[in-house]
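Student: Single-letter residue listing:
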Amino acid sequence: MVDYGMVGLKVGIEIHQQLDTKHKLFCYCPTTHREVEESNFEFFRYLRLKKSEIGEEDRAAKEEVERSRRFIYKYYDTTCLVEADEEPPRELNKEALQIAIQVAKMLNMEVADEVHVMRKIVIDGSNTTGFQRTALVALDGFLEVEGKRVRVATLCLEEEACRKVREGEGFAVYSLDRLGIPLVEIGTEPDIDSPEMAKKVAAKLGMILRSTGKVKRGLGTIRQDVNISIKDGARVEIKGVQELDILDKIVEYEVIRQLRLLEIREELKKRGAEVTDEIFDVTEVFRNTKSKIIRNKTVNAILLKGFAGLVGKEIQPGRRLGTEFADIAKSFGLGGIFHTDELPAYGISGEEVERLREFVGAGGEDAVVMAAGDAVRVERALKRIIERAKFCLVGVPEETRKANEDGTTSYLRPLPGAARMYPETDVPPVVITEEMLKVEIPELIEERAKRYEELLPRDLAWEMANSPHFRLFEEYVEKLQPTVVARVLHTAPAYLRKDGVDIGRLREKHFRMVLDLIADGKMAKEGAEEALKILAENPSASGEEVLKKLGSAEDVDEFIRKLVEERADFVRERGEGAFKPLMGLVMKEFRGKVDGKVVAEKLRKAIEEKISGIS
Amino acid sequence: MPENLDGKRVRIKAKGRIFEGIVMPSFTGNLVLKLDSGYNIGFREYELVEVLEEEKFGAELVKLEKKEGLPEVKIISTGGTIASKVDYRTGAVTSQFTAEEIASEVPELTEICNVDAELLYNILSENMKPKNWVELARHVYGALKKYDGVIITHGTDTMHYSSAALSFMLSTPKPVVFVGAQRSSDRPSSDAAMNLLCAAKAAIEDLGEVVVTMHGSTSDDFCYVHRGVKVRKNHTSRRDAFQSVNAKPIARIDYPSLNVEWLSWRFRRDERKPKLMDRLEERVALIKFFPGLDSEIMEYYHSKGYRGFVIEGTGLGHVSTDWIETLKRVCEDSIVVMTSQCLWGRICDRVYDTGRDLLNAGVIEGEDMLPEVALIKLMWLLGNYSLDEAKEMVRRNVVGEIEPTTQY
Chain A
124 MVDYGMVGLK VGIEIHQQLD TKHKLFCYCP TTHREVEESN FEFFRYLRLK KSEIGEEDRA
184 AKEEVERSRR FIYKYYDTTC LVEADEEPPR ELNKEALQIA IQVAKMLNME VADEVHVMRK
244 IVIDGSNTTG FQRTALVALD GFLEVEGKRV RVATLCLEEE ACRKVREGEG FAVYSLDRLG
304 IPLVEIGTEP DIDSPEMAKK VAAKLGMILR STGKVKRGLG TIRQDVNISI KDGARVEIKG
364 VQELDILDKI VEYEVIRQLR LLEIREELKK RGAEVTDEIF DVTEVFRNTK SKIIRNKTVN
424 AILLKGFAGL VGKEIQPGRR LGTEFADIAK SFGLGGIFHT DELPAYGISG EEVERLREFV
484 GAGGEDAVVM AAGDAVRVER ALKRIIERAK FCLVGVPEET RKANEDGTTS YLRPLPGAAR
544 MYPETDVPPV VITEEMLKVE IPELIEERAK RYEELLPRDL AWEMANSPHF RLFEEYVEKL
604 QPTVVARVLH TAPAYLRKDG VDIGRLREKH FRMVLDLIAD GKMAKEGAEE ALKILAENPS
664 ASGEEVLKKL GSAEDVDEFI RKLVEERADF VRERGEGAFK PLMGLVMKEF RGKVDGKVVA
724 EKLRKAIEEK ISGIS
Chain B
2 MPENLDGKRV RIKAKGRIFE GIVMPSFTGN LVLKLDSGYN IGFREYELVE VLEEEKFGAE
62 LVKLEKKEGL PEVKIISTGG TIASKVDYRT GAVTSQFTAE EIASEVPELT EICNVDAELL
122 YNILSENMKP KNWVELARHV YGALKKYDGV IITHGTDTMH YSSAALSFML STPKPVVFVG
182 AQRSSDRPSS DAAMNLLCAA KAAIEDLGEV VVTMHGSTSD DFCYVHRGVK VRKNHTSRRD
242 AFQSVNAKPI ARIDYPSLNV EWLSWRFRRD ERKPKLMDRL EERVALIKFF PGLDSEIMEY
302 YHSKGYRGFV IEGTGLGHVS TDWIETLKRV CEDSIVVMTS QCLWGRICDR VYDTGRDLLN
362 AGVIEGEDML PEVALIKLMW LLGNYSLDEA KEMVRRNVVG EIEPTTQY
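Order-wise, the sequence lines are chains A and B.
The first sequence begins at 124 in my numbering and counts up one residue at a time.
The second sequence begins at 2 in my numbering and counts up one residue at a time.
Treat the hints loosely; a few may be bogus.
[Said to hold, decoys possible] Per the computed footprint, the stretches of chain B lying under chain A, defined by three or more beta-carbons under 8 Å from a beta-carbon of chain A, are:
| # | stretch |
| --- | --- |
| 1 | 13 to 21 |
| 2 | 38 to 52 |
| 3 | 188 to 194 |
| 4 | 214 to 221 |
| 5 | 382 to 395 |
[Unchecked claim] Simulated restraints, written as ranges between beta carbons of each label pair:
| # | chain 1 | residue 1 | chain 2 | residue 2 | range |
| --- | --- | --- | --- | --- | --- |
| 6 | A | Glu510 | B | Pro108 | 19 to 25 Å |
| 7 | B | Leu264 | A | Asp200 | 50 to 56 Å |
| 8 | A | Asp200 | B | Phe28 | 35 to 41 Å |
Just so you know, these hints were derived from the structure itself, not from any lab.
Backbone N, C-alpha and C define an ideal beta-carbon position, used for all residues, glycine too.
With these hints in hand, go ahead and build the complete structure from the sequences.
Tutor: Spelled out as structure tokens, the structure:
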């Protein structure tokens, strides 16, 4: 167990939350998700590195360009020339700005007097322009988590990037549907000092954002980036944590990675290790190789003196130092690397390994790393790996990493510098007025949940408070039992989702319809699931149609009338004693559709009438 | 602000704490700081604490290196988006780069040809005037003696006017290639580099005329080489805004291979002798007819001494019959050429009565010429020939502005 105080752990969180606005941030396209198969057009571009306004080239942007790739974009009938970078952006979406200001106030922040849209250079192709438009809206806030204050440094309003569909050697495919959806980026100061705290802070920020009722929900609509550093280590930015549940693990594993890298450094120093600059063309060594992965490809190698055994050393579960090198190779469009700590393998023979060692002059203490593929890519990637290997003697490199599903991380690119921003001159600055600051602060979900605990069991109270339909809940508890309303709004849909019903098609009007049918006694509360299922399948169905499909109250009346008629003798004979057996027959037909109490009342009345000879 | 702090690093007190950053130009009266995070932010109320140091902007120029055996190409810069950068005074994208800077931004250029650069103008293309075309034609004519080809970087708005003007004024044995960009060159997605590389390729090819080289599609896959008198900007913002109208493009140049595929007839290299006829009559008007437009507008121009008129008429080439009397009077001492606002297709004034009346009044059918091209042709004819000669030549093809047949 690591003592996080001892290692000097500092964590900052950056949350990216998509906003549920009518339009995108810089055009009038809807913020709708599309399937790639629905794309009606595609085009491709290359991106070039440009000097920023101060004249410096950004290190991260430069590395992206050296990987020079073709970017293919999928276009839809819900995108326009703005996403395609074929038309200047429209003015900043005021609805999105207003939500950003609201969130800023909830986080006790100072809102800027004037908001300037910037171009943040990102040339991995995820933005058709080669930059992401972003604006600093507020600064200097805080939130409290379990009595501890965590400072919030900045809140920015940004455009979402494209969704990556797939990538291969020298190309990447992106979907334009996501590009331009407004999102708020909230960055905390590195005030977090444990993995658990990181998770709690992220959860709280998410709760605050959802409390506005104006953010998108579902997978991929919220992402956490985590900044982690330890004493003697380095600041590492981990991108794209989509599941809150693994946030603590991410922090834990990163601390382990940095500690292991520091151990490797000490060992390398002890051994007097050294990385040579030469890139050896060893294609000849593998001319007749049986290994399919490297056959007929350019194979280059580099020599890491004194690294033997360390390239294969584990630094995170299932990841070795060599995996870090492989990540770099992959970012240059190669499949990966091979190193002598794991060879012979992959069809490469022991004899070939010996010849390789001989070729580059490697001794038993040394490691050899090699890569195969397109000659230019191989050379560029190995050049970068030499740089990385040299850094093993210095310590932990500052870099941007990508979160993997198991909580480990992969190398993505160097940390970007401040030089990657310049003004978006196509969008005029927005002066923040008093009017815009007069925004209402909504009730927090956690406060609401406390109120609901008076009405509902604790877990259900939280679910209902967190539900986008909480307003409906409050409206209908005036007329119906709270548990019944919660059943319609939360329990029933949750049950249907598990059953594979597309409940995404259910709108507020559908829930209202079902609640009204129950409140008016036309339907039993037990009929809620079935009614919602019918509506999910036929969103345009009317109340009557739903009842008809359910077997409505009218049908019950008719059924009871016929039944009592058919069994008239039995009723006369048994009198009120006929109720129980007949009730069983009616419920057999209408169970889960009509309230039993209603049925009983109707049946009793019909029997009484029969006995007294009215009908 | 008491003094101009633009570009200086300052510390200010605002919103209850100290901020440090570089002062940016402001249009609202608020103080705009570029913070060290890279973000700009505006402050309404603040207290200046300290001016720290002067920040220096601007990048160093890379000297172009010549390679033995490569063709020599001259790049003449006139400004526009292909050479644009952020302007600190206005915050807008404006032209500031020199042609040499462009070449240093696109190092692959030096693998195609040796380039010399000259900054002739630094103006937005909407500010171009006929006297600029004349000056440009003379510069190009001079450059043609020393170089294998000439590239002119130009703002896209009026590039097709300039290309038409040079097409008439300059009989060239070598390629004269106009090129621009629809996305400013300060951004990673700019089309400037690819357009420039394809233009450089066109400039060293077996070609002897004035052309425009721009993106052929919305992808970065190929450029078209358009005849300078058949091309038009047909979209406000798309990369492939330039299209050949009533003609096929001369060639397609694939990117990044720079393979050339010839698509139509062309003047070959050294086919024509170099010749400059650089006089332009500026008192020529282009009038777009619309339903209800009074012919007084033409009377006005005529009274001001205008003797050349291009009408952008409706359909096959019509204006209201109300115009006939005016046209008769004007045609007595002027040239009136009919073109169509349809742009695509050929003028034919022999189908309807109105058309026949127009011809009787003395109006000349502009064939399949673009209205802008007819305008410039008339400027050039009236500048260099007598009225009668001009009347004769305006209906004849001179440099490829009139195609003998209309094709799909």
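Student: Compare the structure with each hint and give your call.
Tutor: Against the structure, the hints:
1. 13 to 21: holds (count 3)
2. 38 to 52: holds (count 9)
3. 188 to 194: With 5 residues in contact (Cβ-Cβ under 8 Å with chain A), the coverage given for the stretch 188 to 194 of chain B holds.
4. 214 to 221: holds (count 4)
5. 382 to 395: Coverage by chain A is violated for the stretch 382 to 395 of chain B (0 residues, Cβ < 8 Å).
6. A:Glu510 - B:Pro108: 19 to 25 Å: At 22 Å between Cβs, range holds.
7. B:Leu264 - A:Asp200: 50 to 56 Å: Violated, at about 32 Å.
8. A:Asp200 - B:Phe28: 35 to 41 Å: holds (37 Å)
Of the numbered hints given earlier, the model fails hints 5 and 7; all others are met.
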